[in-house]
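Q: If you read the sequences in order, they're chains A and B.
If you read the first sequence in the numbering used here, its first letter stands for residue -11, the second for the next number, and so on.
If you read the second sequence in the numbering used here, its first letter stands for residue 4, the second for the next number, and so on.
It is possible that some hints are incorrect.
Computed Cβ-Cβ distance ranges for the label pairs, DEER-style [as the list claims (entries may be wrong)]: (1) B/P56 with A/A137: 48 to 56 Å; (2) A/E50 with B/T157: 54 to 62 Å; (3) B/N212 with A/P72: 52 to 60 Å; (4) B/R95 with A/V145: 58 to 66 Å; (5) B/S416 with A/E50: 21 to 29 Å; (6) A/M77 with B/N212: 33 to 41 Å; (7) A/E50 with B/R419: 23 to 31 Å; (8) A/G31 with B/G264: 50 to 58 Å.
Here are a few chain A residues that sit away from chain B, every Cβ distance over 10 Å (derived from the structure) [unchecked claim]: (9) G31; (10) N51; (11) A55; (12) R58; (13) P59; (14) A69; (15) Q70; (16) Y90.
Since the hints were made in silico from the structure, they are not lab data.
All figures in this text were calculated on a predicted structure; none of them were measured in a lab.
We treat Cβ as the ideally placed atom computed from N, Cα and C, and that holds for glycine.
Listed below are the residues making up each chain.
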Amino acid sequence: MTATKTLLAAFAAAGLLAACSSDPEPAASTAGAGAGSNTVRPGSQEDLVANVGDRVFFDTDENRVRADQRPVLVRQAAWLAQYPQNQIMVEGHADERGTREYNLALGQRRSNSARDILVASGVAGSRIQTISYGKDRPDALGSNEESWARNRRAVTVIR
Amino acid sequence: MTLPNMNRRSLLTGGAAAMIAPGIWTTPLPAAAQTGSPPTIVDITRARTEPIPIAIPDMAGTGGDGARLGQQIARVITNNLRSSGLFRPVDRAAFIQTPEAAAATPRFADWRAVNAAALVTGRVDGSGDRLRVEFRLWDILPEQQALGTAYNATSSNWRQIAHIISDDIYKRMLGESGYFNTRIAYIAETGPRDRRVRRLAIMDQDGENNRFLTDGQYQALTPRFHPDATRIAFMSYARNEPRVYLFNLESGRQEVLGNFGGMTLSPRFSPDGRSVVLSAIRGGDANIYLVDLASRRERQLTSAAGLDVSPCFSPDGSQIVFNSDRGGDQQLYVMDAGGGGARRLSFGNGRYATPVWSPRGDLIAFTRIARGQFAIGVMRPDGSGERILSEGWGMEGPTFAPNGRVLMFYRESAARDARGSGYSARLSSIDIAGFNERQIVTSTDATDPSWSPLIS
Chain A
-11 MTATKTLLAA FAAAGLLAAC SSDPEPAAST AGAGAGSNTV RPGSQEDLVA NVGDRVFFDT
49 DENRVRADQR PVLVRQAAWL AQYPQNQIMV EGHADERGTR EYNLALGQRR SNSARDILVA
109 SGVAGSRIQT ISYGKDRPDA LGSNEESWAR NRRAVTVIR
Chain B
4 MTLPNMNRRS LLTGGAAAMI APGIWTTPLP AAAQTGSPPT IVDITRARTE PIPIAIPDMA
64 GTGGDGARLG QQIARVITNN LRSSGLFRPV DRAAFIQTPE AAAATPRFAD WRAVNAAALV
124 TGRVDGSGDR LRVEFRLWDI LPEQQALGTA YNATSSNWRQ IAHIISDDIY KRMLGESGYF
184 NTRIAYIAET GPRDRRVRRL AIMDQDGENN RFLTDGQYQA LTPRFHPDAT RIAFMSYARN
244 EPRVYLFNLE SGRQEVLGNF GGMTLSPRFS PDGRSVVLSA IRGGDANIYL VDLASRRERQ
304 LTSAAGLDVS PCFSPDGSQI VFNSDRGGDQ QLYVMDAGGG GARRLSFGNG RYATPVWSPR
364 GDLIAFTRIA RGQFAIGVMR PDGSGERILS EGWGMEGPTF APNGRVLMFY RESAARDARG
424 SGYSARLSSI DIAGFNERQI VTSTDATDPS WSPLIS
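With the rest of the complex left out, here is chain A:
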């Protein structure tokens, strides 16, 4: 009985989502910048997302930070220098087109790569922790190249 109720609730929620998405979808980043430009607290996660960029992306099955992504980490390091009280977690992720265990290891390597660049750019290693979620915490939920590219990422999160 409980299972049935839960299912019904899930369907109801799904219906609600479907209704919402027929409105022009406000992209999370746009909403953040628009509403946030005068409310974002300097040194906060929102500040990092809106003004620096909280993530870098990787090529398929690659753990090296791409040359075009490196500047994001260099900017993060400069930003972190402004807020020395901030401790961070670098989360490594993979797309869904690999096996779970391998992707956990790959995600860890990606977070380590991002950390290494942050450290090389002057962030004290003691401020940085790393964690991998492999393919198990995607950002984009589609099963296509566009979603996979968004999910191959290392995200810097203020702890």
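Assemble the complex: chain A is given as a structure, and chain B must be docked to it using the hints.
A: For chain B alone, kept in the frame of chain A given last:
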């Protein structure tokens, strides 16, 4: 190395009563038509055989609960044997002789007339919370009893008795051990994929008796049974530190296996149950370590650059198969259990992962990723004879039934849109000959199955 927990079952052939599982006692029944030991009826060493037609009428019942339990036990046996793909239960509607009469004396002509090659009869006496189940297996053509056993147990164990009887029938008819009195540990998944809740769960092999072992507060992944089936090694994200944990099924307690100063993953017990082989990440590389359970001392087994994950022992404990990207992309390698001497096993088209050694020692099952498709396959331990059993958009994580005859894995379907609708993850089983794939019914999405040894 033989399968664990098999020895006690041989007591079935002894004369005296014997305890074959906690709370379940057995005594051999004298054969109604004793004619020595008939040969095994069917040879399934061939890749695929016609399923054996078998008649399984409801067991005759006496006592308060006897009739109801007699019916339920017969239904569980029917479902088990059918699910193997090696038996074809005869339609009950065709039965001529009544279950009560058959339980007394089978009229073989009546069972030949419905084309049954074998017949299962039984009586269930269910008075109070005690249960006595007498079961007989009959070989129809020679008109003789092939098996006869009585089980005494508490009523709540009726389902386990049905599984034990199913294994008795399987073994007697096919000449190899069954896998019905087993459990599956797996990860129960709920919620949207970007906020997925993943709980450690356990159920009977047929999907019944489901229990959640963790509450979902921390993500749990990749459970693996200890060879005595009382413990599970798994990965937990407790305290935001993904590590290998041990879960004790008897006490319900869990503990971290050790402090490796970094992520540990992909645990598996050694066949003797005394250690865990796993992957640990220190610096940039993932390497394979062996952890002794008593001393918690660790020993590093690989040190090549790259990601070495998903190690699994051979059943004799002498070798370890794993996957590594040391050569560029993910492939299977095998090495001595002490480390060293690694050589590549997989040379087919694509990436190879999640190798598991059959308890029979004759095959290694794996996941293959090629041309955008995932597949489950098997190969011999020397890398030859590769066969793909199932292929699709997403599937991985094979685990062998204790007799090495059936694999379980999980199958995923692709999301249809950017909200992820249409995605699902479900458990499937398949015969190692590549037929009889079927979905295991679970109340939630399910991944990472681990098949227990036979429960004793």
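Q: Would you mind marking each hint as holding or not holding in the structure?
A: Going through the hints against the structure:
no.: 1; hint: B/P56 with A/A137: 48 to 56 Å; result: holds (54 Å)
no.: 2; hint: A/E50 with B/T157: 54 to 62 Å; result: holds (58 Å)
no.: 3; hint: B/N212 with A/P72: 52 to 60 Å; result: holds (55 Å)
no.: 4; hint: B/R95 with A/V145: 58 to 66 Å; result: holds (60 Å)
no.: 5; hint: B/S416 with A/E50: 21 to 29 Å; result: holds (27 Å)
no.: 6; hint: A/M77 with B/N212: 33 to 41 Å; result: holds (39 Å)
no.: 7; hint: A/E50 with B/R419: 23 to 31 Å; result: holds (28 Å)
no.: 8; hint: A/G31 with B/G264: 50 to 58 Å; result: violated (30 Å)
no.: 9; hint: G31; result: holds (22 Å)
no.: 10; hint: N51; result: violated (8 Å)
no.: 11; hint: A55; result: holds (19 Å)
no.: 12; hint: R58; result: holds (17 Å)
no.: 13; hint: P59; result: holds (22 Å)
no.: 14; hint: A69; result: holds (25 Å)
no.: 15; hint: Q70; result: holds (26 Å)
no.: 16; hint: Y90; result: violated (6 Å)
Checked against the numbered hints listed earlier, the structure breaks hints 8, 10 and 16; every other hint is satisfied.
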